[in-house]
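K.L.:
These are the residues of each chain, in order.
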Amino acid sequence: MTAHAIEPSVQKLPTGIASFDIIAKGGLPRHRTTLLSGTAGSGKTVFAMQFLAAGIRDADERGVFVTFEESAGDIRTNMRSFGWDLERWERDGKFAFVDASPDPHVETVESGTFDLGALLARVEHAVKRIGASRVSVDSLGAVFSQFSDQSVVRRELFRIASALKAMGVTALMTAERTDDYGPVARFGVEEFIADNVMVLRNVLEDENRRRTIEILKFRGTDHQKGEFPFTIVPDDGLVVIPLSAMQLKQKSSDIRVSSGSPELDKMCGGGFFRDSVILVSGATGTGKTLTVTQFLNGGAAVGERCLLLAFEESRDQLFRNAIGWGVDFERLERDGLLRVVCDYPEVLGLEDWLLAIQRTVAEFKPNRVALDSLSALERVGTIRAFREFVIGFTSFIKHQEITGLFTSTTASLMGGTSITEGHISTLTDSIVLLRYVEMFGEMKRGITVLKMRGSLHDKGIREFTIDKKGMHLGRPFRNVTGILAGTPVHVSPADVERIWSHFEAERGERRADSVVTDGERRRGSDRRRSS
Amino acid sequence: MNDSTPQGGTLATYVLRLYVTGTSPRAQVAIANLRRICEQDLRGQYDLEIIDVLEHPEVAEREKILATPTLIKQLPPPLRRVIGDLSDKEKVLLGLEVRPELPATDRPDHP
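So the sequence lines, in the order shown, correspond to chains G and X. Per numbering that gives the first Met the number 0, the first sequence starts with residue 0, numbered consecutively. Per numbering that gives the first Met the number 0, the second sequence starts with residue 0, numbered consecutively.
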């Protein structure tokens with residue numbers, strides 16, 4: 000291989016469709032035809048039109064839309080909801096329809112062989128007339144249904160595809176498929192017409208609709224692999240949510256910010272990192288919302304803007320609780336330091352929540368975002384969609400150099416982990432656990448910093464109390480073991496001393512640590528017996 | 000546009016338009032086939048216009064023509080379309096709704 004061979008031979012045309020260009024590594028292959036296949040209602044027509052609309056709006060590239068299915072009039076009306084004024088663009092010579100939709104009032108009889116020469120002449124004419132560089136054809140399946148002689152249609156589609164190439168336009172053709180995970184397209188030939196194939200899916204998973212886009216092949220050039228979720232929203236049209244694309248570029252900050260509790264800051268080795276994401280996990284009533292309240296108050300105290308996304312409690316409840324801990328949310332709101340978004344998770348799908356949150360963040364520009372709780376959002380979508388939401392959200396706020404704090408609710412009162420944590424713990428930088436600890440007929444609360452990426456932290460489990468001024472951290476639970484497992488067992492101080500003597504080498508530095516599991520304890524006593 | 004002058008009695012003037020692509024062999028075949036049908040079955044009572052879509056793509060756009068050759072019967076109503084090289088005469092007559100002169104020989108290959 001020479002150095003010349005490495006140079007990309009296929010150029011990409013940025014489509015302007017939000018985030019699609021990221022997964023397509025630059026856009027659609029320029030001067031080529033790309034097939035977009037999908038089941039009914041998967042968003043093919045919207046994508047095909049948005050490809051043109053984005054070109055007109057963002058790059059002054061003109062577009063021709065060839066429609067075989069819906070009439071031009073219907074499409075003009077339908078696309079108005081996305082803010083695309085096709086009539087105006089048609090008047091301005093930036094956009095043209097080739098309306099090849101069937102006319103239900105005219106009967107057509109076939110007698111002898113034919114070709115689609117007239118269609119090709121119309122497309123070429125439209126492209127030349129407005130100087131188009133983008134062409135969308137929607138949809139190939141509808142051409143087949145207009146003519147009885149399928150072999151003629153096949154032959155003619157090949158001819159049109161090669162004519163589009165000769166015209167030097169970048170083209171997108173849509174095709175129907177009957178099954179979300181079946182043959183690429185219904186007539187089995189469409190995929191050979193195009194150099195590039197993409198698939199839109201609209202799958203029903205656990206009673207939730209999930210839209211994804213996948214690039215199957217880009218001949219001679221690179222793209223990201225796998226399915227990427229997308230959503231269709233008014234104003235913007237189709238928005239792709241790129242997952243892997245966002246993670247790599249994150250910067251890492253070593254600037255510390257306060258958690259709002261000086262004692263918790265001390266446990267974390269001096270506070271949270273500024274662009275980190277912290278997960279606070281605990282059973283109901285352990286103090287998650289309090290941690291959130293303190294986190295927001297701590298930000299506002301130093302003049303930072305804070306956004307609270309509350310999915311569990313009503314606005315009134317949140318504000319009343321905060322007052323109970325000595326924090327006046329209303330005043331913070333008046334000062335412009337706090338914004339509270341309070342809603343039922345069910346009102347939107349997870350992809351739409353992600354977009355809505357991103358918009359709020361872009362507009363309010365907060366320094367801190369708290370989400371209470373992820374577990375409430377989890378019930379809106381599938382596990383996979385949820386994981387994608389968290390990936391999208393965490394990478395988004397890290398990009399903005401925002402400190403994020405999420406809560407998650409554990410199912411059991413005394414311990415264990417939630418399903419939520421299992422799916423997202425690797426995505427968060429720090430994990431704070433809040434746990435109930437039963438001691439001598441009394442419920443106490445324990446807090447521990449389980450993980451603190453990039454920093455030393457206190458590994459003890461400390462008792463804490465809640466009063467009118469918030470959270471107060473006390474001493475570590477020295478003589479209790481099995482707290483995290485949800486089965487606290489008391490150990491006499493003499494036992495603790497004896498166990499630690501087995502770890503003599505580490506003793507000096509780890510003396511302050513207090514977690515001793517059941518297994519270690521047993522091993523310790525076994526060894527003692529055998530000696 | 001031709002005037003629509005309805006003829007009395009059994010004879011009507013057929014206003015026909017044939018859309019073809021250039022001077023392709025298929026266009027030539029279609030034109031020859033159509034001329035023969037017109038002389039034999041329409042007894043000269045027709046007005047035929049041949050349009051090359053390569054020269055007049057805007058007309059093809061307005062009339063929403065996809066296939067070539069396409070024959071359109073403008074008059075008498077209703078509007079009818081026949082696509083193909085018009086080699087199947089029966090289908091052309093059926094498509095144009097031309098009534099056969101001799102009803103006795105109608106549908107000879109009916110089972």
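Keep in mind that the hints were calculated from the coordinates and are not lab data. Note that the coordinates shown come from a computational prediction; the quantities given were computed from them, not determined experimentally. Be a bit skeptical, because a hint or two may be false.
To be verified - Mimicking DSS-like on lysine-lysine, the simulated pairs with C-alpha atoms at most 25 Å apart in a straight line are:
hint, chain 1, residue 1, chain 2, residue 2
1, G, 265, G, 127
2, X, 63, G, 164
3, G, 467, G, 224
4, G, 127, G, 11
5, G, 127, X, 90
6, G, 265, G, 11
Said to hold, decoys possible - Covered by chain X, according to a simulated footprint, are these stretches of chain G (three or more residues, beta-carbon under 8 Å):
hint, region
7, 116-129
8, 376-383
Note that CB positions come from ideal geometry on N, CA and C, so glycine has one too.
K.L.:
If a hint holds in the structure, say so; if it doesn't, say that too.
P.N.:
Evaluation of the provided hints:
Annotation: proposed proximity of residue 265 (chain G) to residue 127 (chain G) is violated, straight-line Cα distance about 70 Å (limit 25 Å). Between the alpha carbons of residue 63 (chain X) and residue 164 (chain G) the distance comes to roughly 23 Å, so the proposed pair stays at or under 25 Å and holds. Taken as a hint, the residue 467 (chain G) and residue 224 (chain G) pair is broken in the structure, with Cα atoms around 53 Å apart against an allowance of 25 Å. For the hint linking residue 127 (chain G) to residue 11 (chain G), the alpha-carbon distance of about 22 Å falls within 25 Å, and the restraint holds.
Our distance criterion of 25 Å between C-alpha atoms is broken by residue 127 (chain G) and residue 90 (chain X), whose separation comes to about 37 Å. This hinted pair does not check out: residue 265 (chain G) and residue 11 (chain G) have alpha carbons roughly 51 Å apart, beyond 25 Å. For the region 116-129 of chain G, the assignment as covered by chain X holds, since 8 residues bring a beta-carbon within under 8 Å of that chain's beta-carbons and 3 suffice. Residues of the region 376-383 of chain G with a Cβ under 8 Å from some Cβ of chain X number 0, which does not satisfy the need for three, so the listed coverage is violated.
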